[in-house]
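Residue numbers (my numbering), protein chains in the order written: chain A, 1 to 366; chain B, 1001 to 1303.
No lab work stands behind these hints, which were simulated from the structure alone. Fair warning: this is a prediction, and the values are worked out from it, not measured in the lab. Among the hints, erroneous ones may be present.
From the structure, some residues in chain A lie toward chain B, with a derived Cβ separation under 10 Å [as the list claims (entries may be wrong)]:
1. P72
2. Y84
3. P152
4. K153
Ideal placement from N, C-alpha and C gives every residue a C-beta, glycine not left out.
Given next are the chains, with one letter for each unit.
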Amino acid sequence: MAEVALRKVIKRYDDVEAVRGIDLDIADHEFIVLVGPSGCGKSTTLRMIAGLEDITDGDIMIGGDVVNDVPPKDRDIAMVFQNYALYPHMTVAENMSFGLRLKHYPKAEIKARVTEAARLLDITDLIDRKPKQLSGGQRQRVAMGRAIVRNPKVFLFDEPLSNLDAKLRVQMRIEIKKVHQKVRTTTVYVTHDQVEAMTLADRVVVMNKGRIEQIGTPNELYHKPATRFVAGFIGSPAMNFLPCRLEDAGGALQIRLTDRIAFALPPARATRYNALPRTDKLLLGIRPEHLTESHAHLGPGVETFDTVLDVTEPMGMETLVYFGLEGTPVCGRVDPNAGAADGAPMRLAMDLNNMHLLNEETGVVL
Amino acid sequence: MSTLAIDKTGPTRKVKLRSMSRDRTWALRWSYFFLVLFAIFFLIPPVYMLITSLKSSAEISAATNPWWVFHPTLSNYVELLTSNQFLRFFWNSSMISIVVVIVTMLISIPAAFALARMKFWGSATLATGVFLTYLIPDSLLFIPLFKMLAVVQDFTGITLLNRWYVLVFIYPTLTVPFCTWIMIGYFASIPKELDEAALIDGASWLQTLTRIFIPVALPGLIAATIFAFTVSWAQFLYPLVFTTSIDQLVLPVGITTTLIKGDVFNWGQIMTGALLGAAPPLVIYAFLMDYYIAGLTAGATKG
Chain A
1 MAEVALRKVI
11 KRYDDVEAVR
21 GIDLDIADHE
31 FIVLVGPSGC
41 GKSTTLRMIA
51 GLEDITDGDI
61 MIGGDVVNDV
71 PPKDRDIAMV
81 FQNYALYPHM
91 TVAENMSFGL
101 RLKHYPKAEI
111 KARVTEAARL
121 LDITDLIDRK
131 PKQLSGGQRQ
141 RVAMGRAIVR
151 NPKVFLFDEP
161 LSNLDAKLRV
171 QMRIEIKKVH
181 QKVRTTTVYV
191 THDQVEAMTL
201 ADRVVVMNKG
211 RIEQIGTPNE
221 LYHKPATRFV
231 AGFIGSPAMN
241 FLPCRLEDAG
251 GALQIRLTDR
261 IAFALPPARA
271 TRYNALPRTD
281 KLLLGIRPEH
291 LTESHAHLGP
301 GVETFDTVLD
311 VTEPMGMETL
321 VYFGLEGTPV
331 CGRVDPNAGA
341 ADGAPMRLAM
351 DLNNMHLLNE
361 ETGVVL
Chain B
1001 MSTLAIDKTG
1011 PTRKVKLRSM
1021 SRDRTWALRW
1031 SYFFLVLFAI
1041 FFLIPPVYML
1051 ITSLKSSAEI
1061 SAATNPWWVF
1071 HPTLSNYVEL
1081 LTSNQFLRFF
1091 WNSSMISIVV
1101 VIVTMLISIP
1111 AAFALARMKF
1121 WGSATLATGV
1131 FLTYLIPDSL
1141 LFIPLFKMLA
1151 VVQDFTGITL
1161 LNRWYVLVFI
1171 YPTLTVPFCT
1181 WIMIGYFASI
1191 PKELDEAALI
1201 DGASWLQTLT
1211 RIFIPVALPG
1221 LIAATIFAFT
1231 VSWAQFLYPL
1241 VFTTSIDQLV
1251 LPVGITTTLI
1261 KGDVFNWGQI
1271 MTGALLGAAP
1281 PLVIYAFLMD
1291 YYIAGLTAGA
1301 TKG
């Protein structure tokens, strides 16, 4: 058990900077997820924590000790790989105990630890099988078991569920969460799947182009994104970004989306945005669930407008509606019984209490 | 079998599958045709060896059907197997081949591991260089090698020429480059994550090699072993050059030098010797082929 800290960590391959100065503090017992598109440096960061990649500059600390030059085996970490990386010639039990056997643990303790981990992961029946006799999900459990028996300071997961099919992925996600609740080991988990990130993490680190965009709890990232990248990356379907401008209209502040659509801002938002210049270079960020069908009992700050739908996608518990506003494609989420149909006109309601205003040039949420 | 199953399906499917199976049938016929042709082609010499080895010298020189044994005799076998000379050749060949295989493996495996996995400056160039040395034919190398041994012998006073054991140092120049090259290929096919996992599990490079790489790349190791053994066992030029006394000869050279006297060919014994000489590689192939199963990495990663 230990905390992990990264201080201005840089990774350079020849002239390409893969990781550009990362600062990150991971508390003991915490489950941190690094998430971002491919090539954002998240896997490189994880591999630097593991010691599989040298760091070009900065410091990595595990349990308070700088480990920059400590080889992986002495960092007391365990890693689960995307493609499992099980030793094909060993049985499940041998795979799990390999690390302990190398460290010459007493046989009885090895057996006890393997049995315990196997029980925890529900693979007791598979203990004498070879990896090739296992399914993908079982192999991933064994890979996790190999990490658990070592009882390391830190667990590192490198996209462990990416090779599994969708259904199994959801199941294993829950398993991983359960395991973490039981063993409470500090965990760093890399994924490109924002749903995995949101569901597993105590805190999510959103990375982009070798930098950290934002660190926060899943709720913080969802409701208070710091940048356009985070706002667009977290949440599915993604947040809509509509070009807009602020206007003063009779002492009140309003936001104009098109020539015919302008909404008065709710008081809380009006005070917050009042100091901003009245330029065109703004984006209104609104999530699809805050664009719903209009009904009789709309609360304060909810404004309606009429549009013609392009496409509808019935999802069962909701229907996604797609339409255009001044050429910008927009997605909304309406009740399946609201009568949304392809090509049909519809009155929609926008909940401005949950809006975001972004600087179009810098991408910063204002 | 397959046509029976097809008849039960619908008519459109049937036509489609039948044309496919017809293609397959023809492909199979042609492959069998050529396989049988090749088999006959390659089996004629050993069969002829066997037939001749069972004949007496008189019958060999008689103008009878060469493909038939009229008076089978084991005298050639008895003579060879009771001759100290032949047993000496056999012993020399065996010792050399076994030691060469061991030496080759001891050098090739760590070399291949280092070249495949430990990325150091120039490792890629070195790997290519290793293979290039294999491309130099032994017929080019034997004179400089002879000269080198002579110089060493002059300086140190250690007798190196005309000693069978010196071949143990010479043969690896042929076997090591090629075996290293094969092993590099096998090691490179092992997923990178496997050694990373071992590294994190606390294995040193040596432990990663002995406990992960060697067991996983066993088919490659066996292929390399077979190669090294075959090369050493069948080598002709080097022993012909470096050894001259009868008691220092190996099988291929021994058979040709002792059983051909001037223009007199003792065909019966030559054929018997060749047949007996071909036996050990055959036995080794048969034994190791059981272990030579591909796909040992199955299950390591998502396949």
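Hint by hint, here is what the structure shows:
Nearest Cβ of chain B to the Cβ of P72 (chain A): about 5 Å, under the 10 Å cut. The hint holds. Checking Y84 (chain A) against chain B: minimum C-beta separation of about 6 Å stays under 10 Å; hint holds. Against a cut-off of 10 Å between C-beta atoms, the interface hint on P152 (chain A) holds, since the closest Cβ of chain B lies about 9 Å away. Taking 10 Å as the C-beta contact cut-off toward chain B, the hint placing K153 (chain A) at the interface is violated, the least distance being around 12 Å.
In the structure shown, a violation is registered for the earlier hint numbered 4 alone.
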